[in-house]
Amino acid sequence: MTESTRKQRPRTTRTTGPEPVTGAGAAAFIELEGVEKVFDVRKKTGFLKRERRQVRAVDGLSFTVSRGEVVGYIGPNGAGKSTTIKMLTGILTPSGGRLRVAGIDPSRERTRLAHRMGVVFGQRTTLWWDLPLIDSYRLMHRMYRIPDARYRENLDRCVELLQLQDLLDVPVRQLSLGQRMRGDIAAALLHDPEVVYLDEPTIGLDVVSKTKVRGFLRDLNAERGTTVLLTTHDLQDIEQLCSRVMVIDHGRLMYDGPLEGLHEAGESERTLVVDLERELPPIEAPEPARVVRVEGPRQWLAFPASASAAGLVADVAARYPLVDLSVREPDIESVIAKMYEERAGA
Amino acid sequence: MGAGSGRLYVAVAAGGFRRYATYRAATAAGVFTNTVFGLILVYTYLALWDEKPQLGGYDQAQASTFVWLGQALLAALAIGGGGFEDELMERIRTGDVAVDLYRPVDLQLWWLAADVGRALFQLLGRGVVPFVFGSLFFPVALPREVSVWAAFLVAVVLAMLVGFALRYLVALSAFWLLDGTGVTQMAWLAGLFCSGMLLPLNVFPGALGEVVRALPWSSLLQAPADVLLGEADPLRTYLFQASWAVALLALGRLVQSAATRRVVVQGG
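Chains as they are written, first to last, in this note's numbering: chain A, 1 to 346; chain B, 1001 to 1268.
Treat the hints with care, since some could be wrong.
As the list claims (entries may be wrong) - Stretch by stretch, here's where chain B covers chain A in the computed footprint (C-beta under 8 Å, at least three residues):
#1 88-98
#2 211-218
Unchecked claim - The following residues of chain B were derived to be distant from chain A, with all beta-carbon distances above 12 Å:
#3 1044
#4 1050
#5 1148
#6 1193
#7 1209
#8 1212
#9 1255
Claimed, not checked - So the derived label-pair ranges between C-beta atoms look like this:
#10 1022(B) - 33(A): 44 to 50 Å
#11 1251(B) - 160(A): 45 to 51 Å
#12 207(A) - 1094(B): 27 to 33 Å
#13 166(A) - 1005(B): 31 to 37 Å
#14 1043(B) - 204(A): 53 to 59 Å
In case anyone wonders, no lab produced these hints; they're calculated from the structure.
A virtual CB, placed ideally from N, CA and C, is assigned to each residue, including glycine.
Hey, can you work out the whole structure from these sequences and the hints?
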């Protein structure tokens, strides 16, 4: 299954990102070849009895990422995303296969690689909980041995773009989630990493914070050519940042290509939710939109994610007494679920 | 270790110091607790030494000094818990230790620096007041020579290293056990008894006394106390403490490399 998808969607369809200089090997910055990670799980089955079971969190994963690419790495919970990132950062050792970042085996030379990478785990913090934010940055200065001038320049830049001016003297425990996340992103970038791994960097953030974070990452990639690998549940993160998407499930690569291709592969749909003045029979919408649900005066219309919502909205507004409306983006789970359905059907 | 990483660990220690300094109410409560503990113990000791003068080779003033010294060092050496180990175990349990592992730092040195920072704060913040209180209101045997005080401080620093090394092993057990409550409680009990916090180790007779005095915990309170009281040769004491520090820190490194190589980092 995986093989056929990859063949159908060759990587040459990519529109952005630097082209390989001489052959694929020269530009590959992150390289995985048949990487596996197997966990032993012990389950209690009786008073003293335990059953040992092996879980393949990552199962024969192969891909390469070039310098300067921004890649979205998505998949349902438990798909193996975080395990992959932990192997890339060197804190987990693969059970099999070959893994290299900048030519270095991360688990063997973790400390050497650490100077060249930045990591943000959205659900965890690298900041000093009880102390003002600036103290954590001073620590990074020492930890990564950043030259003084470089440190000041990078700090000023992060403070300005992530709007941290008023937060530097606030103890981290008093920051909101969005503020803390911005603080964490700055902490991961002060040492000019060549590659940044972001694990759910926008989880739990409000719209304003999300926009700030995305804008910052986009600039970082454009100006410094930083390679970015990003896991997320938010399709908008991918849409606004990534030229390439990899979908992983059950530890295997399901899809690798541009985002548009993913929508095609999963035939994902957006939903237009309209509130009418009163209860009416299902709206006769122009093809290919269709009503999928009616609940009193509220109706749900599904339409292809690739199509514009404007035409549909205008059409409905012209013919029906409209009170309110909203457009819902497809979430990654439903896109992937659709991919499965299509495979099973085909 | 270059000058660069030396500065890093100094910064970590300074951070450890300031983290504890931010919790003023907790420090005040700690000072009060140590003073009350000291009062209970000192009256018990005085009653005991009344019955048995020169017990363990100490006179009454030395026994009382021992009590207040114990209260001054209790928090700093985290003999009754409250050191970095609770935090590290929690980080291992929740998987936050992942953050510590991908940094270009040495896990053991990092936590050692943080714990030394904490210990120095607690020595000043929580240790000085109960000790001064005890010296004012109870008979104490304090040296007049500055050199003895200096020798005592060296023994305290070595005690911090041994204390850290023991608690680092306790904390790393969480990689395998996840819930380290049982280990922590055992370590706490062993620490209270074997360090001399309940009774000076030199009052225990026979084989039991020989054994507890040879165990690493005796480096924590008994060793610095005997240096201050002029009951032990400083150099021999340092040698004893340093040997345990080196052995336990080395063991910690072994366990650490086994833990980080083979054990799962929790959570997504």
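Here is what the structure says about each hint:
1. Taking a C-beta to C-beta cut-off of 8 Å, the stretch 88-98 of chain A contributes 5 residues in contact with chain B, enough for the three needed, and the coverage statement holds.
2. Residues of the stretch 211-218 of chain A lying with their CB closer than 8 Å to a CB of chain B number 0, which falls below the three-residue condition for coverage.
3. The Cβ of residue 1044(B) sits about 37 Å from the closest Cβ of chain A, beyond the 12 Å cut-off, so the non-interface label holds.
4. Every beta carbon of chain A lies more than 12 Å from that of residue 1050(B), the smallest distance being close to 46 Å; the non-interface claim holds.
5. Even its closest Cβ contact with chain A, about 36 Å, leaves residue 1148(B) beyond 12 Å, as expected for a residue assigned away from the interface.
6. Once the 12 Å rule is applied to beta carbons, residue 1193(B) is consistent with being away from chain A; the minimum gap is 32 Å.
7. The Cβ of residue 1209(B) sits about 40 Å from the closest Cβ of chain A, beyond the 12 Å cut-off, so the non-interface label holds.
8. With a least beta-carbon separation of about 35 Å from chain A, residue 1212(B) lies farther than 12 Å from that chain, consistent with its non-interface assignment.
9. Against chain A, the non-interface label of residue 1255(B) holds: every CB pair exceeds 12 Å, the least being about 17 Å.
10. Distance hint for residue 1022(B) and residue 33(A): a CB-CB separation of about 49 Å, consistent with the stated range 44 to 50 Å.
11. The hinted window of 45 to 51 Å between residue 1251(B) and residue 160(A) holds, with their beta carbons roughly 48 Å apart.
12. Under the hint 27 to 33 Å, the C-beta atoms of residue 207(A) and residue 1094(B), about 29 Å apart, fit the expected range.
13. Between residue 166(A) and residue 1005(B) the Cβ separation comes to about 33 Å, which falls inside the hinted range of 31 to 37 Å.
14. Separation of residue 1043(B) from residue 204(A) is about 55 Å and conforms to the stated range, judged on CB atoms against 53 to 59 Å.
Hint compliance for this structure: hint 2 is the single one not met.
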